[in-house]
Amino acid sequence: MSELKLMKGNEALAEAAIRCGADAYFGYPITPQTEVIEYLMTEQPEKRTGMVVLQAESELAAINMVYGAASTGKRVMTSSSSPGISLKLEGISYLAGAELPAVIVNVVRGGPGLGTIQPSQADYFQSVKGGGHGDYKLYVLAPSSVQEMSDFVEDAFDIAFKYRAPVLILSDGLIGQMMEKVNLKDQKERMSNEELIEKYGSWATTGKKGRERNIITSLDLQSEKMEARVHRLMKKYEQMEKEDLRYEEILCDDAEYLIVAYGSSARISQKAVELARKKGIKVGLLRPITLFPFPKKQLFQLADQVKGILSVELNMGQMVEDVKLSVEFKVPVEHFGRTGGIIHTPEEILEALEQKIIK
Amino acid sequence: MDVLDIIKPENQVFCKTKLMTDTPLSYCPGCGHGTAHNLTMEVIDEMGIAEDTIGVAPVGCSVLAYDFMNIDMTQAAHGRAPAVATAISRCWPEKYVFTYQGDGDLAAIGTAETIHACNRGENIVIIFVNNGIYGMTGGQMAPTTLEGMKSSTSPYGREIATMGSPLKITELIANLPGVYYVTRQAVHTHKHARKAKKAIRKAFENIKLKKGISFVEIVSNCNSGWKMTPNDANIWMEENMFPYFQLGDIKVNGKLK
Ligand SMILES: Cc1ncc(C[n+]2csc(CCOP(=O)(O)OP(=O)(O)O)c2C)c(N)n1
Ligand code: SF4
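Note that the protein sequences, when read in sequence, are chains A and B.
The letter at position 278 of the first sequence is residue 278 when you use the UniProt record's numbering, and the numbering goes up by one with no holes.
The letter at position 204 of the second sequence is residue 204 when you use the UniProt record's numbering, and the numbering goes up by one with no holes.
Hints are not guaranteed to be accurate.
[Unchecked claim] The list that follows gives simulated cross-link-like pairs (lysine to aspartate or glutamate, EDC-like), each with its CA atoms no further than 20 angstroms apart:
{"id": "1", "chain 1": "B", "residue 1": "K195", "chain 2": "B", "residue 2": "E94"}
{"id": "2", "chain 1": "A", "residue 1": "K208", "chain 2": "B", "residue 2": "E94"}
{"id": "3", "chain 1": "A", "residue 1": "K208", "chain 2": "B", "residue 2": "E159"}
{"id": "4", "chain 1": "B", "residue 1": "K18", "chain 2": "A", "residue 2": "D253"}
{"id": "5", "chain 1": "A", "residue 1": "K307", "chain 2": "A", "residue 2": "D244"}
[What the hints assert, rightly or not] Residues from chain A that face chain B, not an exhaustive set, calculated with beta carbons under 7 angstroms:
{"id": "6", "residue": "A61"}
{"id": "7", "residue": "I216"}
{"id": "8", "residue": "V230"}
Treat the hints as calculated values from the structure; they're not laboratory data.
Quantities reported herein were computed from a predicted structural model and do not represent experimental measurements.
Ideal placement from N, C-alpha and C gives every residue a C-beta, glycine not left out.
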């Protein structure tokens with residue numbers, strides 16, 4: 001039975017993990033996402049569904065626990081915030097290299113360094129341009145509401161298993177901490193070990209009962225084999241672009257100007273679009289829901305229609321580079337952002353649009 | 001009598017366990033890793049648990065352990081094998097999960113994962129091959145490198161004042177309440193190998209009994225890293241490593257010796 005509840009983003013995400021039948025969660029506390037593990041520890045999912053929850057000794061341990069569980073075909077998740085994700089990057093690169101499915105959540109805070117515990121989108125580059133070492137990409141989902149914090153957990157697992165690849169949910173302190181109504185999905189049963197072996201026995205290290213052994217590794221000492229592995233990864237990324245790109249267009253049909261924004265920036269930008277429309281300025285909003293794959297073609301097409309584009313972000317200009325690459329200089333593209341934990345107001349965004357784009 | 005008259009099944013006194021693959025070992029001749037692999041696989045074979053065992057390989061000379069051990073294996077990031085094994089064991093409590101790690105992997109970069117997996121009393125076996133050096137990367141100083149011992153990063157010998165003392169991580173671990181069985185063994189002679197095999201067997205039996213962590217250190221050689229012949233390396237090991245890393249049980253059935 002689905003259920004309507006008032007919840008914090010972090011809690012909605014944790015509850016969704018239990019309900020979608022996740023097998024395990026490993027994490028380490030860091031603001032502003034600690035509610036995820038606190039909620040899970042309080043809910044005792046071990047009793048509800050048999051889901052394993054463990055507080056690791058560090059983010060390094062947590063991501064490697066994820067690697068271990070994922071190597072056996074289990075649906076496993078971890079969450080952290082910026083400095084913790086930096087520590088997890090070696091493990092994330094291993095997950096990508098060893099082709100393991102896993103869901104990683106980053107509830108971003110301001111940086112660099114210890115930075116601030118306030119919301120930020122300054123980990124965009126880290127999320128979509130690799131972050132860890134080597135030739136790999138993450139499928140990145142960017143929720144902009146508590147509802148999406150909840151919904152994207154199952155979506156992320158589906159993608160992770162479709163491609164046998166790590167998936168990142170890129171949230172921020174605002175979405176993680178705010179409370180909204182959320183429609184929680186029905187409880188799904190966790191897969192039994194027998195079902196799991198039936199489904200993933202061709203690759204997962206579950207013990208070699210009735211088959212040849214399986215090996216999970218990201219090591220290829222022969223360069224030809226390593227190149228082939230990377231090519232295999234690139235094929236997945238191409239397929240993601242074709243089949244699993246997600247974005248939302250708001251009032252783009254008649255737009256003369258365009259705002260591009262994701263996550264919490266998109267929420268605030270939506271208000272700025274309303275303000276502009278009230279003033280008679282025809283502004284639309286393109287909200288990338290996946291940051292990789294990025295809605296390149298949609299932007300390229302919209303660039304034929306609009307006179308200019310403003311990339312609104314909670315950072316000093318990161319996604320704007322992808323917007324510029326997408327529109328190939330057809331129209332002016334500018335960036336507007338606040339950083340350090342400060343959140344832009346709709347009025348500020350409209351003002352920036354008027355000054356930088358409309359002029 | 002012809003040789004072929006001798007090579008008959010009824011005359012067979014020893015054979016390689018089928019849990020070792022036919023892939024030629026990548027180890028230097030005389031290296032203890034091969035024997036340690038073999039003993040571990042013999043135990044798993046004799047216990048009849050190969051289909052329910054999941055091994056975790058480290059980063060180090062034994063990174064390719066999965067090429068030789070004929071069971072399901074996952075290769076972990078440098079030092080993180082105990083965390084990887086923790087999760088596998090938590091998600092599959094009925095399975096036999098073990099890690100196989102060197103001293104750089106277990107006692108330097110992975111110290112935290114080692115201590116905490118042991119402290120939680122995870123129901124796993126850790127096989128810890130201590131050769132006093134980083135073999136894989138060409139003979140750098142390890143946390144277990146002896147005082148005065150030369151390596152490529154302690155070319156004038158390990159100096160305690162600036163580099164610290166060789167770390168007895170095994171004794172440290174034995175003191176944790178969650179730890180059930182800790183022993184230190186060697187594999188360079190038949191006698192030692194037989195004892196080591198018994199210890200490994202006991203460790204895997206403990207998993208069956210759900211007793212928590214069993215930790216088997218194997219003091220071993222690295223003739224390449226030590227720049228010695230295999231035979232000299234073994235003699236040097238007996239004369240220098242064994243007095244500092246004393247062989248024998250350290251904790252049995254949860255009680256310190
Ligand atoms: C994060 C990381 N740091 C460093 C290395 C390089 N490295 C590979 S093996 C190794 C040392 C292994 O030594 P040990 O664990 O003692 O095993 P041995 O080779 O002696 O068996 C190092 C430092 C690495 N692969 N990953
Ligand atoms: S370098 Fe040392 S540890 Fe590595 S295989 Fe050779 S002898 Fe063994």
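Hint by hint, here is what the structure shows:
{"no.": "1", "hint": "K195/B x E94/B", "result": "violated, 27 angstroms"}
{"no.": "2", "hint": "K208/A x E94/B", "result": "holds, 14 angstroms"}
{"no.": "3", "hint": "K208/A x E159/B", "result": "violated, 47 angstroms"}
{"no.": "4", "hint": "K18/B x D253/A", "result": "violated, 68 angstroms"}
{"no.": "5", "hint": "K307/A x D244/A", "result": "violated, 29 angstroms"}
{"no.": "6", "hint": "A61", "result": "holds, 4 angstroms"}
{"no.": "7", "hint": "I216", "result": "holds, 4 angstroms"}
{"no.": "8", "hint": "V230", "result": "violated, 17 angstroms"}
Taken one by one, the earlier hints fail for this structure at numbers 1, 3, 4, 5 and 8, listed in ascending order.
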